[in-house]
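Mind the numbering: the sequence shown is residues 0 to 193 in numbering that gives the first Met the number 0, read in order.
No incorrect hints appear here.
Simulated pairs of lysine to any residue, SDA-like, Cα-Cα distance not exceeding 20 Å:
#1 Lys95 / Arg189
#2 Lys109 / Leu141
#3 Lys3 / Arg32
#4 Lys147 / Gln115
#5 Lys114 / Ala159
#6 Lys139 / Glu192
#7 Lys109 / Thr155
#8 Lys95 / Thr129
#9 Lys5 / Glu73
#10 Lys3 / Glu33
#11 Lys3 / Lys37
#12 Lys147 / Met157
With beta-carbon atoms standing in for the labels, derived distance ranges:
#13 Ala135 / Gly48: 13 to 23 Å
#14 Ser100 / Glu183: 19 to 29 Å
#15 Ala16 / Arg46: 11 to 21 Å
#16 Asp85 / Thr129: 20 to 30 Å
#17 Leu84 / Ala19: 16 to 26 Å
#18 Ala180 / Lys95: 11 to 21 Å
#19 Ala161 / Lys108: 14 to 24 Å
#20 Ala16 / Lys109: 41 to 51 Å
#21 Ser72 / Arg45: 29 to 39 Å
Derived by calculation from the structure, the hints in this document are not laboratory data. For every residue, glycine included, the Cβ atom is placed at its ideal position computed from N, Cα and C.
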Amino acid sequence: MRTKNKYEEQAVTLCAAAVAAAGYELLEVNYRREGQEKYLTFIIDRRGGIGIEDCETVNNIVEPLLDATDIFSEAYNLEVSSAGLDRPLQTEADFKRYYDSPIILSTYKKFADCKQFIGCLQAYADGAVTLLLDFAAMEKLLGRKAFKSFRQNLQTEMAAVAAETEIAAEADLADVSLTFAPNEWSSVKRYYEF
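Hey, can you work out the whole structure from these sequences and the hints?
So this is what it looks like as structure tokens:
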């Protein structure tokens, strides 16, 4: 976790272990001034997401720890917030937390005439992302006609890759896993079906 100033560093040092012991990941601590007001914000996450009760729990953990020290000589507002539903996965810890979870991956270039892929995160290593495609979600994303075209293009591209690498092409697309190199994908976010 990166910090920008001594207040953030001290807050992380003081509170990170207690937050982790309660089952949360401390993603970020921000200390900022807005006019006359000062704010210390803890941004937390965990598998399954964060609700208001989780923010209250973490607030109740960190507030007495901060009050027992003299980190802040002036009054400040303490905030605890979730990372948000649309926060992209950025760190290795983010990816580890969401293994076997549905994600949406966007690519720089089209593959099988598509730039967005929805599936279950299977692996993350050295920036490469592997996901097992969720064809039902992909069909909703693309629409029936575009999805049919995508499946055909995917099968064609997989056959071409198989021919180049001398690997047998999969006839059944039911369990297709794709691996995207670090320079091929632009963003990864958690996928929520509303």
